[in-house]
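J.: Protein sequences, first through last, are from chains A, B, C and D.
With the first letter of the first sequence counted as 1, position 42 gets the number 42 in the working numbering; the numbers rise by one all the way through.
With the first letter of the second sequence counted as 1, position 196 gets the number 196 in the working numbering; the numbers rise by one all the way through.
With the first letter of the third sequence counted as 1, position 293 gets the number 293 in the working numbering; the numbers rise by one all the way through.
With the first letter of the fourth sequence counted as 1, position 157 gets the number 157 in the working numbering; the numbers rise by one all the way through.
What the hints contain is simulated information worked out from the structure, not anything from laboratory work.
A couple of the hints might just be wrong.
Just so you know, same-sequence chains aren't split out, so a pair can sit in one copy or run between any two.
Below 16 Å or equal to it, Euclidean Cα-Cα: the simulated EDC-like pairs (lysine to aspartate or glutamate) are [to be verified]: (1) K149 to E163; (2) K18 to E261; (3) K149 to E170; (4) K251 to D240; (5) K251 to E236; (6) K296 to D254; (7) K121 to D156; (8) K210 to E166; (9) K149 to E167; (10) K121 to D29; (11) K210 to E220.
There are 4 protein chains.
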Amino acid sequence: MSKEENRLHRVRVPALDKILGEAFPVLDDGFVRLVDYMGNDDSIVQAARVSYGKGTKSVSDDRGLIRYLMRHRHTTPFEMCEIKLHIRVPMDIWRQWIRHRTANVNEYSTRYSLAIDTARKTGPGEWRLQSEINKQGSEGGLDPEAGQKLTEREADTQKFLQEIYEERIELGVAREQARKDLPLSTYTEAYWKIDLHNLLHFLNLRMDHKAQFEIRVYAEAIGEKIVRKWVPLVWEAFMDYRHGAITLSRKEIDLLALLNEQRHDEAGKLLLEAGFTTRDGDLTRPTLEGRELAGKLERMGMRVPWEKD
Amino acid sequence: MSKEENRLHRVRVPALDKILGEAFPVLDDGFVRLVDYMGNDDSIVQAARVSYGKGTKSVSDDRGLIRYLMRHRHTTPFEMCEIKLHIRVPMDIWRQWIRHRTANVNEYSTRYSLAIDTARKTGPGEWRLQSEINKQGSEGGLDPEAGQKLTEREADTQKFLQEIYEERIELGVAREQARKDLPLSTYTEAYWKIDLHNLLHFLNLRMDHKAQFEIRVYAEAIGEKIVRKWVPLVWEAFMDYRHGAITLSRKEIDLLALLNEQRHDEAGKLLLEAGFTTRDGDLTRPTLEGRELAGKLERMGMRVPWEKD
Amino acid sequence: MSKEENRLHRVRVPALDKILGEAFPVLDDGFVRLVDYMGNDDSIVQAARVSYGKGTKSVSDDRGLIRYLMRHRHTTPFEMCEIKLHIRVPMDIWRQWIRHRTANVNEYSTRYSLAIDTARKTGPGEWRLQSEINKQGSEGGLDPEAGQKLTEREADTQKFLQEIYEERIELGVAREQARKDLPLSTYTEAYWKIDLHNLLHFLNLRMDHKAQFEIRVYAEAIGEKIVRKWVPLVWEAFMDYRHGAITLSRKEIDLLALLNEQRHDEAGKLLLEAGFTTRDGDLTRPTLEGRELAGKLERMGMRVPWEKD
Amino acid sequence: MSKEENRLHRVRVPALDKILGEAFPVLDDGFVRLVDYMGNDDSIVQAARVSYGKGTKSVSDDRGLIRYLMRHRHTTPFEMCEIKLHIRVPMDIWRQWIRHRTANVNEYSTRYSLAIDTARKTGPGEWRLQSEINKQGSEGGLDPEAGQKLTEREADTQKFLQEIYEERIELGVAREQARKDLPLSTYTEAYWKIDLHNLLHFLNLRMDHKAQFEIRVYAEAIGEKIVRKWVPLVWEAFMDYRHGAITLSRKEIDLLALLNEQRHDEAGKLLLEAGFTTRDGDLTRPTLEGRELAGKLERMGMRVPWEKD
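Bound conformation, chain A alone:
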């Protein structure tokens, strides 16, 4: 412990202090607000240096160290930063959010207080169609005319459910019971506090294109409006080594080696045996995993072997 370390002052991030308490709007009536934070890029370096020793301390080294930690999944230094958000979010989205068990949470209680009287509304152009390929996803939009009708029905439904709720409350029914037929789209609020490592895990999953649109927009707001400003070096490393990265399985690596060494017959055999493709008579078709592989090959500038030139 050097003298220098002894003269500590609290970490401040001026760019974050400016947006403290500001509600970034999400969806039609939700928001994300920064309530407090602990630490910044420097705190990660500081914690890592407790573990890994001192060395030089120039700015470029800090960046290099953070990137090294991110690349090698040395996660504990990232846990040394903490953030507290105030969010407003529809309950069906909150049900996904809360599955991340590593956060501290205080949610608005509809046992103590009357339920918030707004629910997420869907515009005529916002209705999405069920994806055929991705069983848990959506793809494309409903035609606006049908959308218009659904939007009107939705408004009626939400109004009706609010009346049902109020009717029960007026009759003296306990809040904990009166709320039971409110729609899942009802807004709730929560304080949500989490360390940076677990937040990045949350963002990686929820900023993914396969995440449901309604939670993705929250994740993007948190990432782009807040985390990027809070820990710019971490954010850059996260985008490079996590969010923008791909993983190659042992069999995909073997396949790439065969392709790069021009051993096409063996590659074709491996594709089939490892389940990337299936044969149907003369026809070779990719499986689900094959289509995932194709996406990776395209990003790497390589031909997809079963596709015609």
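Chains B, C and D: place on chain A using the hints.
T.: Leaving out everything else, chains B, C and D in the frame of chain A:
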């Protein structure tokens, strides 16, 4: 490691094996089912003896050791037992349940599959009134006539919301979006796996008389139908040292000492200063904490000092 | 969300800012240093009010709310405060410390860096005798003459082990292997970050008179020098409702009721049946649990029934 | 819930039942023993089907589903399996092990009982040299003659420390204090219980070639002797998609695209700008990250651009 330990076989609890897979009904359409378990009373003793050494091993000792561990909150041996349940529960109740972060969970996904088409129904005599004292509780019931009306309205509402959902599905709307206006009372299902220590914590909170009725009946079913059979010595110790116990604060202990030593003036002064009572002219009235104290004094067979004989 | 909430600034606790980075000495060469903190008493109130609604906001109310939360074990608002410490502690004590799994940790690595070259030294008057009653405790001290001899032997031992370590290092042995015969008393350092709820749980266990002396002094330093200043209202409530409190089991409550109602024969029978006492001919003796009960009765100003007047 | 599900019996894995309680030796005096387990490959499929719906149920489908879950990091179904081990391990290795916070643990207590009287011994040919490149690793071995000397010194040291310990114990010093100068190489024992998802995370880190040898051999014993038999489909998927996989960063993907499209000048520029190489006059040298990239390129059968043919 003795030879004896070397001849391990898996722990079996015949009383549990009999109810494996049996659905214990809860509420109008919910259930709790035992899927699997690891360990039993003996496993706790076994784990404790790794920490605390061997000693004698008669049955009475095992009971004594388990009670000692429970009394002194030596919690780690209880973590050596694990249980897996399959439950069916309304979403508003699941929202409370899931707040216990220490469990492993696989919930039915309404992104992948169509939502379960039943919602929790309330009988005419089941509507509860808002408690005046306990802001988050209920107290007494609505008169049956008004209840009848609410029950009918509820049935219409749930039917209507199911139609809205099906209409969206038929138009091709993505399941993840179509579900948004389903009522919170919609049933969901989950596999829920938790260790015994954390399960007891859950049961202690949710079997409490202040817990919402709808989650209390699940906790009671788990406790009485399953845990009591699984680990009978632990269950007895839990009822004695946790669920049936009371805590006395430092000031309550001081007060009891004064009362037991007949120092009534000092006791009265302490009651006032510590905030158990307030004075309103000549009248002494208990505060919220004072009423809690009165409940404890009654259980201990003591006079409540501010009450007239 | 009111306008007022919108004008957030970061929580500051001037009394803490003053001691930021200051190393509070513990044991012969250890310390505890505050590195950073998030939140204060107000943050707990703020988080609780998200859950429980608004109400009046005077200072006395805040204290009352915090005490209510502590008393009723509403733990989530306390998780909204976070603290980061830098500690220096002997490895055998750290081995106990690290068993609290809810903290974030970066420990000094003796794979990356040379081991810290000091070990915990014991003064001639500091050697404690094994307790006969408490199998895991100590009681009384060794006579100073024998202590003097042990202290000298300890110094020789630690010096010798440091030489063994250095000899290996000089021969080029990998640090990860060279360290293997360093004594458990070797100092290590760590950054340790934890939320207030889990910190209080740690302090409650480790400030206890049954905790090992060497960890108790760390817990006391953290509690008295840091937490008391950080969240004075929480600290007061913690001392009243947790650290200074006692728990009465269901059977102890039943016993107190019998004693208070002067039903001494039944009380004597219960004592025996519930295992607080055993009979040996005419002699009644307390069991281990009986002695624990006696301690509680004494604090409540009550006679211990099996003791002669 | 179908009738079929209703007729549950507990999952059994005959290959595991055979090795229950068997101590697999590790290091000179350590072991790993299977105490109990919950679930198997089928349980993962069963839990996933609660979330993702039914579909066909042939064996090949089960394998495909498990591989899909592993590939897409759908981790919750893997948490539905649990395992309990009894291990004996040197304390310096246990200090690394215990950093995995998601397990349940009961460790042998040297406050309650006398310390285990063996310490990890190092053979003359087992002393490893400090790696120059990997600051936390070892590389190559000490010459046997020097090793012989260190091994003898080690034996003397461990014998001496055991005597110091016994001397203190005989003088009546409390066990919790007497132990303080035992070597870090002293063996300890623990029950260790963890779910499969977290176990795989542990194995992935600790079976890595960069993990310390002494913990790697434990991880390999657990993986090869136990997990492979317990959940063969999961083990295969884990080896393909996790342990044998590589991650490519966004910049590595961009680089591969340039290389595959024969845009060598741009590739060289990117290598330099992204920090894979540095220039020193005419000389191009790889950085640490560059050397990592080279390892990946080799596995993929590609030329390392900065290496001469």
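J.: Against this structure, judge whether each hint is valid.
T.: Taking the hints in turn, this is what the structure says about them:
1. K149 to E163: between (21 Å within a copy, 15 Å between copies)
2. K18 to E261: neither (55 Å within a copy, 46 Å between copies)
3. K149 to E170: between (32 Å within a copy, 14 Å between copies)
4. K251 to D240: between (24 Å within a copy, 7 Å between copies)
5. K251 to E236: between (30 Å within a copy, 12 Å between copies)
6. K296 to D254: For K296 and D254, the Cα distance is within 16 Å both inside one copy (14 Å) and across copies (12 Å).
7. K121 to D156: Within one copy only: 11 Å inside, 23 Å across.
8. K210 to E166: For K210 and E166, the Cα distance exceeds 16 Å both inside one copy (37 Å) and across copies (24 Å).
9. K149 to E167: between (27 Å within a copy, 11 Å between copies)
10. K121 to D29: within (9 Å within a copy, 30 Å between copies)
11. K210 to E220: Classified as within: same-chain Cα gap 13 Å, cross-chain 35 Å, threshold 16 Å.
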